[in-house]
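Number of protein chains: 4
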Amino acid sequence: MTGNIHEECGVAGIYGLKSDNAASLVYYGLFALQHRGQESCGIAVAGNSGDGQSPESPEGDRQITCWKAMGHVGDVFDSKTLSGLKGGRAIGHVRYSTTGNSVAENAQPLVAYFSKGSLAVAHNGNLTNTSELRKELEDEGAIFRTTVDSEIISYLTARYASESESVEEAVTKVMGRIRGGYALLVLCPDRLIAVRDPYGLKPLVMGEAGGATVFASESCAIEAMGGSLIRDIKPGEIVTVSADGISSIQTEPGRFSKCVFEYIYFARPDSVMDGISVYESRIRAGRLLARQHPVEADIVTGVPESGIDAALGYAEESGIPYVKAFVKNSYVGRTFIKPSQDQREQAVKIKLNPISSAVKGKRVIMTDDSIVRGTTIGNIVRMLRAAGATEVHVRISSPPFLHPCCYGTDVPSCDLLIACHHSIPEICSMIGADSLGYLDVKSLPDMLGEDGKYFCDACFTGDYPDSFVPEG
Amino acid sequence: MTGNIHEECGVAGIYGLKSDNAASLVYYGLFALQHRGQESCGIAVAGNSGDGQSPESPEGDRQITCWKAMGHVGDVFDSKTLSGLKGGRAIGHVRYSTTGNSVAENAQPLVAYFSKGSLAVAHNGNLTNTSELRKELEDEGAIFRTTVDSEIISYLTARYASESESVEEAVTKVMGRIRGGYALLVLCPDRLIAVRDPYGLKPLVMGEAGGATVFASESCAIEAMGGSLIRDIKPGEIVTVSADGISSIQTEPGRFSKCVFEYIYFARPDSVMDGISVYESRIRAGRLLARQHPVEADIVTGVPESGIDAALGYAEESGIPYVKAFVKNSYVGRTFIKPSQDQREQAVKIKLNPISSAVKGKRVIMTDDSIVRGTTIGNIVRMLRAAGATEVHVRISSPPFLHPCCYGTDVPSCDLLIACHHSIPEICSMIGADSLGYLDVKSLPDMLGEDGKYFCDACFTGDYPDSFVPEG
Amino acid sequence: MTGNIHEECGVAGIYGLKSDNAASLVYYGLFALQHRGQESCGIAVAGNSGDGQSPESPEGDRQITCWKAMGHVGDVFDSKTLSGLKGGRAIGHVRYSTTGNSVAENAQPLVAYFSKGSLAVAHNGNLTNTSELRKELEDEGAIFRTTVDSEIISYLTARYASESESVEEAVTKVMGRIRGGYALLVLCPDRLIAVRDPYGLKPLVMGEAGGATVFASESCAIEAMGGSLIRDIKPGEIVTVSADGISSIQTEPGRFSKCVFEYIYFARPDSVMDGISVYESRIRAGRLLARQHPVEADIVTGVPESGIDAALGYAEESGIPYVKAFVKNSYVGRTFIKPSQDQREQAVKIKLNPISSAVKGKRVIMTDDSIVRGTTIGNIVRMLRAAGATEVHVRISSPPFLHPCCYGTDVPSCDLLIACHHSIPEICSMIGADSLGYLDVKSLPDMLGEDGKYFCDACFTGDYPDSFVPEG
Amino acid sequence: MTGNIHEECGVAGIYGLKSDNAASLVYYGLFALQHRGQESCGIAVAGNSGDGQSPESPEGDRQITCWKAMGHVGDVFDSKTLSGLKGGRAIGHVRYSTTGNSVAENAQPLVAYFSKGSLAVAHNGNLTNTSELRKELEDEGAIFRTTVDSEIISYLTARYASESESVEEAVTKVMGRIRGGYALLVLCPDRLIAVRDPYGLKPLVMGEAGGATVFASESCAIEAMGGSLIRDIKPGEIVTVSADGISSIQTEPGRFSKCVFEYIYFARPDSVMDGISVYESRIRAGRLLARQHPVEADIVTGVPESGIDAALGYAEESGIPYVKAFVKNSYVGRTFIKPSQDQREQAVKIKLNPISSAVKGKRVIMTDDSIVRGTTIGNIVRMLRAAGATEVHVRISSPPFLHPCCYGTDVPSCDLLIACHHSIPEICSMIGADSLGYLDVKSLPDMLGEDGKYFCDACFTGDYPDSFVPEG
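Chains as they are written, first to last, in this note's numbering: chain A, 1 to 472; chain B, 1 to 472; chain C, 1 to 472; chain D, 1 to 472.
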C-alpha cells in the first residue's frame, strides 16, 4: 500500500536452452517480476537456429533479436512476437514508469552494435556517477540516444568490448568506471554474462531451468521459469555462461550492502535472496514490532498486500489473533474512472474496503510496510474507524524514511517524506491513529536474521555504502 | 481457486440522486460486483434532466438510456459513455461468461418498449420454468431476441405493465408466473423497483447513498457507492422507490432458502447478506472443519483468495499457526500466453507460487472452498510437496458437490463433478493429499450461525426448495 | 463529397453453399457494401453442419447464429469470429451511424425466436407508417427492444410466421401491413427469403456465386462474393430459396419507383441495378449537364469521388478536356485530430488538395453530385481559385434538394437544405462560383436512359410514390 | 497498383512558429506524406516555451522532445501526445515497413545527446557506403543501437558537431563522408537545418507557413501545413534557419540526378518538385506512350490510383476517350481477412472491381506505372476480360525495371524483376495482354519536360550517378 515507492526494474535471463524457446521462458520470468516495473518491457534473444522470421535479425553473426515496447508483459508480447524471438539464450527486462520519461526509447534490453559484434544489456539499478561519466564520455565523442544511465552502461560495455579480449574483460573494466547499484545481464551472440555491483546493492540470483542456466532479480522468477535457485551472484562477481560452461570472475567487492527495502517491501514474499527468505524477514519484522511496540488490542491486521506478513508475525508474537480486515478489489486498474473531488471517499473504498464484521467494536493493530506521505494510511485509518474499530494502532515494519535512495529506488525527495518534517507523535496524530510504532532501525539485522550489518539502510540512516552524498 | 463454479450475475441500482450522476455511482457499485460476472456489463438510466447527448435517448417520455457491451466494467465504460448516461436513477448489471453464448445481445439491462412506456430490467438468477413459460408465451405470440431467461422476465414485466394499473402490480403478476431464483431491478422512467424471489434464493440488499436509495446484490457494492446498508429485501418482497417515497409489497414467500454457496464462495467477504457476515461465516466454516477434521500439523494455510478465511478459522480453533503459503500473481490476465503442454507445471507456478520457506519441512493443513473436478487442487498439493511440505492435509469448507444448481450458479453437470463418482478416500488419493476432510453438511446452520435450515443447500443435498427436479 | 447525405443500410445473403463458409462470402459482400453503412454490421448464419463452437448457437433446431457489433466490417469480424459462424446459408447487414442512436442494440441482423422456430432479418430502408404500426402492435401487447423500425418488421414477420403455413405467407402478410421502402433478407433455419417493397424504392439484386444463390443491395457485392448478377428482385416480389429450389411470389406492385439518388450518389459505380449501370447513368448526367449548362472553359474536373463520373460525361459531350484537379488523402480517417478553428483552411487541404499545375490559369468546370448545405463546395471552389483557377463553373449532376426522404435516406430537414431557402443565383454567389447549373429535373429519365418516370425523385419534387406526406 | 515498390521515407519540418504548435503543423504535413512510409512515424520538437509536461523533456538546455512509434500518423498521435509536444520548431518523419526490421527502435527522428547538446535527425534516403562507414566508425569506437543507416548519419552529425564551431560545419563534414541519396532535416535546440545530397537524388522543398519556414519531401506537405512552396533545396545545399534568419551553404554538387521514379510513381500528383509538376509529368508520360505505342482501341483507362494520370495523357494524345474502368474499395485495410487459396479471385475483385458497363465489348488500353513481378497486372487484365473487354492493351508509363535502387527505394532484387528474365513479348504473354508497351527510356527527359538528363534512371539503365556498383 506504500504506493509512492517503486523499484525501478527487474531482469531475467537464460543460456543454454536446447530449444529455440528461450524467450518463452524469459516471458514467464518477467511475469513473476512484473511488480518490479510496469512501464515497459522487452526481451532480446540470441543463438537463433535461424529462419529469419524474427522481428529484428540483423545480418551476419550479429545475431541479437529484440522486441520491446511500452506496457505490461501481457500486453507487449503476443504469440506472434514471442514466436518471432527464436533462440536458445535470452535476456528480459521490466521497467518502472516514472512520469516525464515514459517513452519507448528507454525500454530495455538495450542492443549495441560495435566493431566486434553486438550485445544486449538489461540493467536494474542506478549509477551515482552518471553525470560525471556522461560528461567524460561525451567529451570523448560518445553520442547517446537517451538520458538514462543504462545507456551509459551499454555504451561502456560495447566500447570496452571492442578494445578487449573478451566481453568479460570489458565488463570488468566497466565495473571500474561505474559507481552505484546494479544488477546486469549482458547477452552476447555466444554467451550470457551476469554482473552484480561490488556492494551487492541490487539482488541477482542464479538457477537452473530446463537444463539451462538462468538468472533473475528474484528467485520467484526462476520458479516461474520452472527452475530452481542455485545461488546468489556475489557482490562484485561476474558470472559467464557460454559453450565452455560457467565461469566466474570476482572483482574487488565493497562492504556487502544488499538493499534492506527489498525485504521490507519490493521483493515478492516467495523470493529468497542472499540466503534470506523475504517472507520470513517480514514475519520477523512483525515479531520485532510486537516486542518493540506492544499494545493491548483485540485483533491484528495488515494493509494488503505488503502489510499482511508483518501482521502475521505481530499476531504470532503478541498472541493477539490475526484477522483479515480488508478486501482489495483486483479489478480496479488503469481504465478506472476516478470519482470527482466530492467522491474521493468512495474511490478509496472501491479499491480497499474494510470488513466491518471483522473490526466492529475491536481495538485494532494494523501493520503496513512504510509511510511515505501519510495520506493513504490516514484514509485507511479513517475507514477502519468508520467500520467500527474502537482503536487503531499503526505499526510500521520499517524505520521512518528520511533519506533519498540513489541506487534505483524511487523514494521521493525529503520535502515529500512526512518523517523528514514531523516527529512520530505528530505523524500519529496526522494519520489519526491511537498509537504509532516504527521498527527500530537497530533491529534491522534481527529482521534479516543476521548478526552484523551487511545491508544498505541509507534511506533510514543516510549511511550510503559507497560514501556517496546525494544532492536531492 | 474453485475456478469452475461461477455466479452468473450481479445487479445494482439507485433512485433519487439529486444530480444527474446516478450512472457514475452505479459504475462504482458494479466494480464492487465484478467478481459476480465478467462477460458483459451495462447501465440504464432514467430521469435525465435532459440535454439529448445520451447514447440512446428515444423520443418523448420513454426516457430510458442504456449502454452495455462485452467486457469488464473498466473496459465498457469510459468517461465519455459515462457522462452520456445522465439521470438521477439508474440500474446496472454484470454478467458472467459461459462459453457459446458470449454475445453482446445477452448483455443487460434489457430495455423494453411497450404500450405504456418503457422499462429496463437487470436480473440475477435463473428460472426453473423457462422452457414451459417460453413455449406458452411464444404460443401466445411472443417474440424473443435471445434465448436467455432474463428476456422472459423483461417480456412478462412489460406485457403485464401494459395491462396493469402500475408496474408494481405487473411485477406481482410476473412473480406469480416465474419460478426459480431471482433478484430483479426494474427501472421505469419514474420509479425503481427491487424484487426478490419468494425463497430468497438470490441476495438483494437495500441501502442509502448520497441521499438516494440504493439496491445491490451485495452490501459491498453499497459501500463502494459511498453508502451504507439498511436492510435486505425479504423473500417475495417488492420494494418500490418513487417520488412518493419507498413502499413495499410482500407477496407470499416460500421457505426461506438463501443460497449457502454465496457464503462459502461467491460473495465478497466484506459483504453482509441476510444479516450474516460472509467473512464471519467463512471463519466459522474453518472452525467447524478444525473440529470435524482435526489433524496433527505444523501450519494451516489457505488457497488464495477464497480458501484463506477458512484457514484463519481453522488456525484459531486448532491453535495451529496460520501461515501464508502462496503468492498469487495478479498480473496474469487474459492476454497471458499459456505454456505449451510440456510447460504446464510452470503455468500453475506463474499464477500461484508456494512460499518454500513457509512450508519447507512442515506438515501443512490447506483449506479451500470446494472441489469441482479436482485437477487444480491436485496441482496445488503437488506444488506444496515440491516446495518441501512433508504432509498435506486438505480441508474443504463445504460439503461435496453432488447436484447441479438450477438457480443461476454454473455448477458443472454431474459427470464432471468428482464427488459424484468417487468416494472421499478416492478423491484424497487422486489429489495426492495425506488426508481430506469436507465440511459436514449438517453443520451448515452452524456455519451460518443459525439454528434452523433457512438456506438452500441443494447442490450438496439435492433438496431443491421449490421441489424442482432438475434433469441434468 | 456530399458529406451530408447517407444511405442507411446494405444487405447481402447467400443460400445453398456446399461448404460451411457462407459467412465468409457474406463478409466479402459486406466489404463491397461498406459505403452504404459504417456504424455497425453483422452476419447471421444457419444450416450449421454443427460443432457447437459458434458464438451463439441456441438449442435444438433453432439454428441461427449471429455476430454483430459497432464498427466497420474489417473491425467487427476477425478470423476467430468468422470461423465461429459456420453454416451454408447466411445474411449480413451494414448500418449507417446517425447521431444519438449509435448503440450496439440497433445492429442487424435482428434474430427473433418464436413459437415455430427462429428467423433473422436484415433490412435496408425506412417505413412510413412506423408510429402507427408501433402503437397498434404495442396496444396488442408487443414489446420492443429498440426504437428502430427494423424491429417492427422482424416482430411482424415472426408473429405472422407463428400463425402461418410458411414464412413466405408471413412475409406476404407483413407486406400488407408495412408502408415505405424496404429491401429485406429473411433467414430461416431452412430457407432464405428476399423481399422488395411494392414500389421498388430500395434496390435488391439476385445472383449466383460458388453454386449458391446470392442476394445483395448492389451487384458489386455479388461480384465481391465471386459471383455474377442474374436479375433484380421485382417491386413487390418475394423470392424464396430452399431445398426445393427458387420460387417467387409476386404481390401487388405499386408504381415502379426506384430511388434515383442511388444512381446519382449512393450506389457504387460498378453496380448495375434494375438494368441500369450506375456508372453509365452518371456519365449521362454529365452529358446532360453539358447540354443544359454549357459554358466556355479550359478544363472539366470533378470532386472526388462522386463527382468524377459526371465530369467525364461533361467532358465527352462538351469536348473540353477532362483533368484530374484534386488529390484525396485516403489516410485521413476517424483518428485524425482536427485543426483548431484558425487552421480550418488546412483541414480541407489535408483531405482534398487541388493540383495547382492542372488548374492554374484555367477556366474550370467542376462537377459534383449534389449540394446540401453548400459549405463544403464553397470551400472547394475557394481552394480552386487559390490554386490559380481563373473561373470556376459548378455543375451539379442532380436537381436541387428540396424535400426530405422518408424511405431510408438521411437527407437533412428543409431548414438545413440550402436550396429550400435560396435561389440558384443566390447559391452560386454563396459558394463563390462563376456560374452554377443543376441537372434539370425533367431530364432524370434521360439520365437513367428510360423514357418514362419509373423512379422516385421525391427529394427533388415532393412527389412521394405512396402519396405519403412527410411532416418534417 | 505497383504494390512491390516503396519509397522508404518522408520528412517535414518547421522553424519559427510564434506559437508552441509546431508539432501540430508537422502532424498535418506527415498526413500528406503518409504515402511515403506507413511503418512508423515520429515528431521531435524544440524551442519549448516550457511547462515540462512533454513526453520526453530532458534536463537543462538539451531541449528536444520526441514522440514516435510503430503505426500510421493517425494512430501514433492523439491529442494528448500532440499537445505534449510543445515548441515552435519541429521535424517529423514517416517510415516505410520492410519485413524483418519493423521495430520501434528504427522509427525516426533519431535524437542524439552529445557533449555540446542535442540534436534530432530525420532522414529520407539510403547511403551507398554504409558498411564501410559503419566499420570505420565502429573501429573508432562508435556504438550503434540499430542497423539502419540513418543512425550513422545521426552519429556522424553529433560527433562532428561536438568538434565543430557550428552544426552547419558538422553537417558539411558529414556530407564529405556519406555517399548516396539523402534528404535530411536536423533539428537543434536553436536551429533547423535542411540538407540535400550532392546529386539531389531525394527531393526536398522549402516553403512558408504561418509566418514560419517549412521543409518537406514534397510540396503537398507544405500545402497541408497551410503554406506555400518557395523553392527546392539544391543538390549539395545546406539551408539553416535560426534566430539569425535563413542562410545557405552550397557544397560541391554532383551531376543533378533527381529520382525519375518520384515522378512516375512515388510522389503525390499535387506535388511540384525541382520545378516539375508530378501530375504534368505523368500526363506527358501518357502522351508519349500514345505516340510510342499507338493501337486501335475504343477506350483508355488506368489502374487506380497511379495509372490514371498516364491514361488521361494517353487519351488526350490519341483521341481515344478516357473511361473509368475500376472501383477501388478504400475500406479494405490491414484487418481484412484474406480469402483462402481457392477464393483468391475474389480477393482481387474485392479490392479492385471492374465496371463492366464501361468495358463490355470494348477494346481497352490500360495504363499502369510499372510492372515488377507481373502477378497483379496479370490478375487485372484477366478481370477486364471477364468483365467483357474484347482486347486489353497494356501501356506502362516507365521503362522496364532492370536494376535495383541503392538510394532508398525498395525495388526487389533482380531475380524477382520480371523484366530481368523475360523479353517484352514474353511478359505480354505472361500477363495475358494483347499488346504491351513500355515508355521508351530515351523519352524520360521529355516526360520530365527537360532537354537533358538531369535525373537518375539507374533502375532502368544501371547508370548510377555516383558510379556506385550495387552488389545485389
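Hints were generated in silico from the structure; no laboratory data involved. Among the clues, some could well be false.
Any copy will do: because identical chains look the same in the list, a pair fits if it lies in one copy or spans two.
[Stated by the list, open to error] Here are the simulated BS3-like cross-link-like pairs (lysine-lysine), alpha carbons at most 25 Å apart as the crow flies:
1) Lys328 - Lys351
2) Lys18 - Lys453
3) Lys362 - Lys442
4) Lys80 - Lys18
Model, not experiment: these values are computed from the prediction.
Quick rundown of the hints versus the structure:
1. In this assembly of identical chains, Lys328 and Lys351 lie within 25 Å of each other by CA distance both inside one copy and across copies; the values are 6 Å within and 18 Å between.
2. In this homomeric assembly, Lys18 and Lys453 never come within 25 Å of each other (Cα to Cα): the closest approach is 42 Å inside a single copy and 59 Å across copies.
3. In this assembly of identical chains, the alpha carbons of Lys362 and Lys442 never lie at most 25 Å apart, being 32 Å within a copy and 31 Å across copies at closest.
4. Taking identical chains as interchangeable, the C-alpha atoms of Lys80 and Lys18 lie at most 25 Å apart only when both belong to the same chain, with a minimum of 21 Å there against 33 Å between chains.
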